[in-house]
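Asks: Protein chains in written order, with full-length UniProt numbering: chain A, 1 to 437; chain B, 1 to 437; chain C, 1 to 437; chain D, 1 to 437.
Derived by calculation from the structure, the hints in this document are not laboratory data.
Glycine included, C-beta positions come from ideal geometry on N, C-alpha and C.
One thing to keep in mind: the hints can contain errors.
Here are the computed distance ranges between Cβ atoms for each label pair [to be verified]:
id, chain 1, residue 1, chain 2, residue 2, range
1, B, ASP238, C, ASP166, 39 to 45 Å
2, C, LEU300, D, MET265, 42 to 48 Å
3, B, LYS163, D, THR332, 40 to 46 Å
Under the rule of at most 35 Å between Cα atoms (straight-line distance), these lysine-lysine pairs were calculated in the DSBU-like manner [stated by the list, open to error]:
id, chain 1, residue 1, chain 2, residue 2
4, D, LYS136, A, LYS5
5, B, LYS36, C, LYS209
6, A, LYS28, D, LYS217
7, D, LYS136, B, LYS163
8, C, LYS209, D, LYS217
9, C, LYS209, C, LYS330
10, B, LYS301, B, LYS168
11, C, LYS181, C, LYS209
12, C, LYS136, C, LYS28
13, B, LYS58, B, LYS330
14, C, LYS192, B, LYS36
15, A, LYS168, A, LYS28
16, A, LYS136, D, LYS209
17, A, LYS418, B, LYS418
18, D, LYS418, C, LYS240
19, C, LYS103, D, LYS275
20, A, LYS28, A, LYS58
21, A, LYS275, A, LYS285
22, D, LYS275, C, LYS275
23, B, LYS330, C, LYS28
24, B, LYS192, B, LYS330
25, B, LYS192, C, LYS217
26, A, LYS36, A, LYS285
27, B, LYS5, B, LYS36
28, C, LYS168, B, LYS181
29, B, LYS418, A, LYS181
30, B, LYS243, A, LYS103
31, B, LYS330, C, LYS330
32, C, LYS168, B, LYS5
33, A, LYS217, D, LYS330
34, C, LYS275, C, LYS301
35, C, LYS209, B, LYS163
4 protein chains.
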Amino acid sequence: MKDKKGIKVATIGGGSSYTPEIIEGFIKRHDELPVKELYLVDIEAGKWKLDIVGSLAKRMVEEAGIDMEVHLTLDRREAIKDADFVTTQFRVGLLDARIRDEKIPLRHNVIGQETTGAGGMAKALRTIPVILDIAKDMEELAPDAWLINFTNPSGIITETLSKYSDIKVLGLCNVPVVMHKMAAEILESDEKDLKMDFVGLNHLVWGRKAYLNGENKISELLDKLAEGDFSDVENIPDYKWSKELLQSLGMLPCPYHRYYYLTDMMLQEEIEAAKSEGTRGEVVKGLEKDLFEIYKDQDLKQKPEELESRGGQYYSDAACDLISAIYNDKGTLHYVNVKNNGTVNCLPDDSVIERTSYIGADGAYPLNVEALPPQVKGLLQVVNEYETLTIEAGVHGDYNAAYQALTIHPLVEGSIVKELLDDIITENIDYLPQFQR
Amino acid sequence: MKDKKGIKVATIGGGSSYTPEIIEGFIKRHDELPVKELYLVDIEAGKWKLDIVGSLAKRMVEEAGIDMEVHLTLDRREAIKDADFVTTQFRVGLLDARIRDEKIPLRHNVIGQETTGAGGMAKALRTIPVILDIAKDMEELAPDAWLINFTNPSGIITETLSKYSDIKVLGLCNVPVVMHKMAAEILESDEKDLKMDFVGLNHLVWGRKAYLNGENKISELLDKLAEGDFSDVENIPDYKWSKELLQSLGMLPCPYHRYYYLTDMMLQEEIEAAKSEGTRGEVVKGLEKDLFEIYKDQDLKQKPEELESRGGQYYSDAACDLISAIYNDKGTLHYVNVKNNGTVNCLPDDSVIERTSYIGADGAYPLNVEALPPQVKGLLQVVNEYETLTIEAGVHGDYNAAYQALTIHPLVEGSIVKELLDDIITENIDYLPQFQR
Amino acid sequence: MKDKKGIKVATIGGGSSYTPEIIEGFIKRHDELPVKELYLVDIEAGKWKLDIVGSLAKRMVEEAGIDMEVHLTLDRREAIKDADFVTTQFRVGLLDARIRDEKIPLRHNVIGQETTGAGGMAKALRTIPVILDIAKDMEELAPDAWLINFTNPSGIITETLSKYSDIKVLGLCNVPVVMHKMAAEILESDEKDLKMDFVGLNHLVWGRKAYLNGENKISELLDKLAEGDFSDVENIPDYKWSKELLQSLGMLPCPYHRYYYLTDMMLQEEIEAAKSEGTRGEVVKGLEKDLFEIYKDQDLKQKPEELESRGGQYYSDAACDLISAIYNDKGTLHYVNVKNNGTVNCLPDDSVIERTSYIGADGAYPLNVEALPPQVKGLLQVVNEYETLTIEAGVHGDYNAAYQALTIHPLVEGSIVKELLDDIITENIDYLPQFQR
Amino acid sequence: MKDKKGIKVATIGGGSSYTPEIIEGFIKRHDELPVKELYLVDIEAGKWKLDIVGSLAKRMVEEAGIDMEVHLTLDRREAIKDADFVTTQFRVGLLDARIRDEKIPLRHNVIGQETTGAGGMAKALRTIPVILDIAKDMEELAPDAWLINFTNPSGIITETLSKYSDIKVLGLCNVPVVMHKMAAEILESDEKDLKMDFVGLNHLVWGRKAYLNGENKISELLDKLAEGDFSDVENIPDYKWSKELLQSLGMLPCPYHRYYYLTDMMLQEEIEAAKSEGTRGEVVKGLEKDLFEIYKDQDLKQKPEELESRGGQYYSDAACDLISAIYNDKGTLHYVNVKNNGTVNCLPDDSVIERTSYIGADGAYPLNVEALPPQVKGLLQVVNEYETLTIEAGVHGDYNAAYQALTIHPLVEGSIVKELLDDIITENIDYLPQFQR
Ligand SMILES: [Mn+2]
Ligand SMILES: [Mn+2]
Ligand SMILES: [Mn+2]
Ligand SMILES: [Mn+2]
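So that you can see chain A by itself, here it is in the shape it has in the complex:
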């Protein structure tokens, strides 16, 4: 691909408040990754956001003085046609849907989170029909393009595409990136010298080993983490891991593990937050509003600092790095969601895992890994089957699969499954064509 001049990128959900980040990412890398055409695509309902953020994007590119055309469009097919890379950062149903994903489960006294548990399932059910539609366009209009998927639940969406489309796809998440940075901080090492051995599913990923120049420092990392005071992602409360948990686990848990390992505390926290400052979605809705006000300033010609508080830090850096590794056949390691294909031997071959992977122009090779210990294996397996069921429910509108997905999910329990599921379907029915019958 390296010989190709003039890369075309289509960004679906281009009206997102994150767009300045990806613009910055492409500007910074323009020498090694010469994006010539960038299409920001959105839907009618997002046009006002696309206009504001798209205008900022154009100012940023102009300021940078690089040869990149930014196109704003509602015509997805025009954007996808002959693209080299498609990135996704859309949210079906906008932030109001996210707020529902948080509030409906809470109403039934279970964790309400937009990417995992009952809320994650709801988001998957809404997103699957749209992403399969995008994939169909790509199969027709850009069959050689890579889809770099950010859209959550990133693992489930990537697995859906891996199972039900022919496009080339890799899923991304900022969680391993943030964990990498935190680990480097804890080990007082340069980020570049650290090689994290991540393995798991999206938002259920463990840092198995932490290599500094070939030496595994995971024990030191866990000890210091138990003693010190370090923080990771913005959108999840920073409960400290106990020494006993870290030692018995023997790996670095991800921020989302708090939902699994500290369910009661997280549920309590959510219930209280909902009563006071609002759910995370409600908070973000306010942040977004402020951001777009800032974006409107015609003198603003770079990514504003305020974007950091929004959440998904380093997403765009991770995406641009990944795109550049493919384009330049770099042979570097990245943390991606990719078809398992025997890498994690306790999961099916066709599951999508999150794993440290070798990236070249021919795609991603998840690094070989030894058999995982039982504590990791058991949790991975049950969540993986939840994901399998969710995908079947999302693709086929299978009520039974959705029912059982909730039944076995570790964050949903008890006798409320039917009521919970019926609420999810009823209140999201406008976005669930597969259940409209």
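Position chains B, C and D with the ligands relative to chain A; hints supplied.
Replies: Just chains B, C and D with the ligands, lined up with the frame of chain A:
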């Protein structure tokens, strides 16, 4: 084995209130299964029970007029020496330990049950050192004998022996037997015409298919179960399964699935019971007391009716049937706990599963089964890894393994793992030599 | 099925010289297996044989005085319609094709045998289009019927049906039956007391264990076999196994293993036989001619003794036993070709294996088996992949698959693959619609 | 490791005629790979060669003017102590043993080759006791060192160490390197731009894909290979692959595949060569003699050109590259023999495979690979089991395993196994302590 005259059986925990059942079982089958010597073994603390129930056993045999010697002994090695079959029905720590298994978890607001969840783990930790000791005696004194294990958690105990001893062992439980009988009742068929395809782990077993003369009646069975009013085991509340749960599951759940599928209701029920009539262990303690009073009656020469309310119905029938199938090389189907060895392809080869199995003089062959659906697979896998960790904790006194076993068990959640585990170890320390250091 | 009155059986290739055996089999079992209608089907080219052997069949039934109608027909669909069991014993291209299967490979200096190696592949390529046609008729006209397949190569044909049709099918072969009888003779035991643990592929099956009342006598069996003088099937020379081979193997090889373990001797023998009395096919052609002369005798009312020298002894007994086990839901052990489904863990789930299996009205459950030793595993695996390739070649007319099937088959070697394959296709082209383009 | 100053390397078999290559390799890379101490070790019988080639090594280093001490020693433990890397290039029994490996099988009319088939097994049996001894020294004296194994059969030796020692080991072979170079030549591309996807076992490795900048050129590669005239390794006749074989295979075979795919031609060639110029071993013996004469020249201060005709081209380059990749944590791709661990899902986890692998300071990660096609799978599996048996025979002196290893090897056939094996053991008995009883 069929040619051998004069079978010797050793029953460990012979002072149990269940003993009259197994005596009745051997009496009924004496023609096909000529038990010549039956050793009832117990420990010093159980001597008073052994004397009472052993005396009843002798009266029963005398009344039946068969050629079987009943020996009462505290010398386990004498009992095991040259035995053909060893059966186990002991409870380490007696009913007081069971009551602790129920009350400690409840104190931390999680399910308290003696065979599953935190209570099941506690019971496993107490039992493993004793069963490995028995196995060592068998390896030395009766290397060709079969151990028929009833002792709970039956699957974990059988798996421990399968992994850490060389003896021949099969695990038994009355749950599939009771489910078989209930299914026959629901289908209005003769028990003998029904072939249940059970698969899973002990106390987490599903009826996958129900064959009447080669035809699979599982849908009819589930429909009628959802509509009708049927009951199963004594010791678990009879909550009715919803039509939605049964249909989406597509299999017959076992009574213990209520803990997994209706956790909130079961926990509430337990909390209330503990406050009123007491936990199940406390109730049973009363029943036992009454039973032994009845057993003392020198005119009693058969199994008294009152034993039925005690719980483990059909245990002894299942055990005697199994022993006879081995002795007579019958080639009949039984529901046993047996090494997986690839039968359930989503579980490790060395796990012990509960499965419809073909039994002959050379042992048990679990029937081949297709890949299980995701809802069953996911739950099985996480509970299997809990079991793996529990066995490691029980055999090696591994605190970390115990910590993670509780962490991933679906019935234990949240931030209370350390306190819960420390309570379990502290309050059972007399029975936990592997943790005494 | 047991409750059904009046079983209907369709025998494809009813004009075969074997037919009197299956007739005898049904007559003997009429009490337990009340076959009411037996359709003997053949094609135009076999009509003269069908008339002769069909007439004998009718005389046999009349002589037996049982209530069974024998129908002779060239209309396969009429025969299959509503049948309960379909059996196959046809040979596409008749004995002349078999003779080609022997002679073409010999011309290229490799083993010429109609069921294994290059000849076996040729026979598979001819048979696959026909058997898939029969399966389509069954799917339409008798979707609940069982196909009991004798047609060689029995394993490959059964696997083809398992992969490419929806019918219920089991494959049969007399080899394990003959081995069972020989083992009983060697162990001086009653056939009924012996339980052979057979595992492998059709015509590549090993006797892993030999149980007499639960005790494994395989070592004794191998020792006596190495010392004594025992014979197995008619159609393969009785070379004696060396003590070293049997001991290092640790299992009982099947007669066809001589082609694999003693290739040079077998090839020499074939070359010499071809020059003197003719290939086995040529010999059989003479035997068949004589048999049909005998069958013509209107006074003959039973299976004539001369049939024994023909080859496939006990085939029909095995088939009738199997049919009765299904019909009567017997729960007995039979040696069948059945979908692997994890039984032999070194072969794919969708391969068809030959294995001791539990048979009931709901079909066959191959008995669970531990991991096989490397010497068995390696040979099984390479021959299994040859079979996989042959099936792809047979179903899709895939020249490349056929080329590689011959390339990796242990009995074909070297630089002659192209010439050999081209000869096979050219000289069988009338029977190979999938290659006619 | 990168921070360590003064690398120590021990080369076992330092008296080999190959030594000038590895010396040259270290000299060329001295900037990035600062070898400070190089120990050339040999045994008494090889002292005269060590003196000659060691002296040349010293002259080469002096001429290069780098800071590297070359030590010559017969004390292996001194050499291994605290080494960072150990390389092996010894041949147990010297060239006379190799000549036996060629001639004994030929005597029985089967392929005689020192690394595969019967000859390869003989070489493995001789080498295994020695390599395990070296591993023991390393476990004691240099537990963190890497063993880079060249000694043939490289895959079997590496697998033996992986299974029966605790040292870190990678196996190397020049075959993939030579294939890479030939592929680059065929595709008229720069070697550096080409990424070969190699998979298989040592000396049975296929080029599955050939990427030029992310595009798979394997079809073009095979087409051009079938048409053109290209040569690979020195020591195997350059028979041309037929178009049909290459197309049906769909991958690039390795030079050693000629023994498997063209057995008859290769056997004929060997028989004729043995009669005329001698076996390859006899030819090499002559070449070696000449080489040592050249090495004696005190004016020679570089690797002489004549070494190229000796055989293993690029071995040393591959080794030095690999060592540098580990030392410098390079994250580059290399072709190595490494524990399978699920990479090739049709082979056991503990087999050692030959595979394109990602190399860093923490070792090798074989790149993930999809399920292999049946033709490759079948051959791989049977040869892998031959290897498994050979290792058991070599480690435990297990005659039965050796017998079955030969029985199932595709290059050994028929009734001569016992005679062949007995000849191998008898004529190598001085080097087979495990069989001396
Ligand atoms: Mn994420
Ligand atoms: Mn139970
Ligand atoms: Mn056969
Ligand atoms: Mn090599």
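Asks: If a hint holds in the structure, say so; if it does not, say that too.
Replies: Evaluation of the provided hints:
no. : hint                            : result
1   : B:ASP238 x C:ASP166: 39 to 45 Å : holds (41 Å)
2   : C:LEU300 x D:MET265: 42 to 48 Å : violated (56 Å)
3   : B:LYS163 x D:THR332: 40 to 46 Å : holds (42 Å)
4   : D:LYS136 x A:LYS5               : violated (56 Å)
5   : B:LYS36 x C:LYS209              : holds (31 Å)
6   : A:LYS28 x D:LYS217              : holds (33 Å)
7   : D:LYS136 x B:LYS163             : holds (30 Å)
8   : C:LYS209 x D:LYS217             : violated (50 Å)
9   : C:LYS209 x C:LYS330             : holds (23 Å)
10  : B:LYS301 x B:LYS168             : holds (34 Å)
11  : C:LYS181 x C:LYS209             : holds (14 Å)
12  : C:LYS136 x C:LYS28              : holds (32 Å)
13  : B:LYS58 x B:LYS330              : holds (29 Å)
14  : C:LYS192 x B:LYS36              : holds (28 Å)
15  : A:LYS168 x A:LYS28              : holds (25 Å)
16  : A:LYS136 x D:LYS209             : holds (28 Å)
17  : A:LYS418 x B:LYS418             : holds (33 Å)
18  : D:LYS418 x C:LYS240             : holds (14 Å)
19  : C:LYS103 x D:LYS275             : holds (34 Å)
20  : A:LYS28 x A:LYS58               : holds (15 Å)
21  : A:LYS275 x A:LYS285             : holds (16 Å)
22  : D:LYS275 x C:LYS275             : holds (33 Å)
23  : B:LYS330 x C:LYS28              : holds (25 Å)
24  : B:LYS192 x B:LYS330             : holds (15 Å)
25  : B:LYS192 x C:LYS217             : holds (34 Å)
26  : A:LYS36 x A:LYS285              : holds (33 Å)
27  : B:LYS5 x B:LYS36                : holds (8 Å)
28  : C:LYS168 x B:LYS181             : holds (30 Å)
29  : B:LYS418 x A:LYS181             : holds (29 Å)
30  : B:LYS243 x A:LYS103             : holds (27 Å)
31  : B:LYS330 x C:LYS330             : holds (12 Å)
32  : C:LYS168 x B:LYS5               : violated (45 Å)
33  : A:LYS217 x D:LYS330             : holds (19 Å)
34  : C:LYS275 x C:LYS301             : violated (38 Å)
35  : C:LYS209 x B:LYS163             : holds (23 Å)
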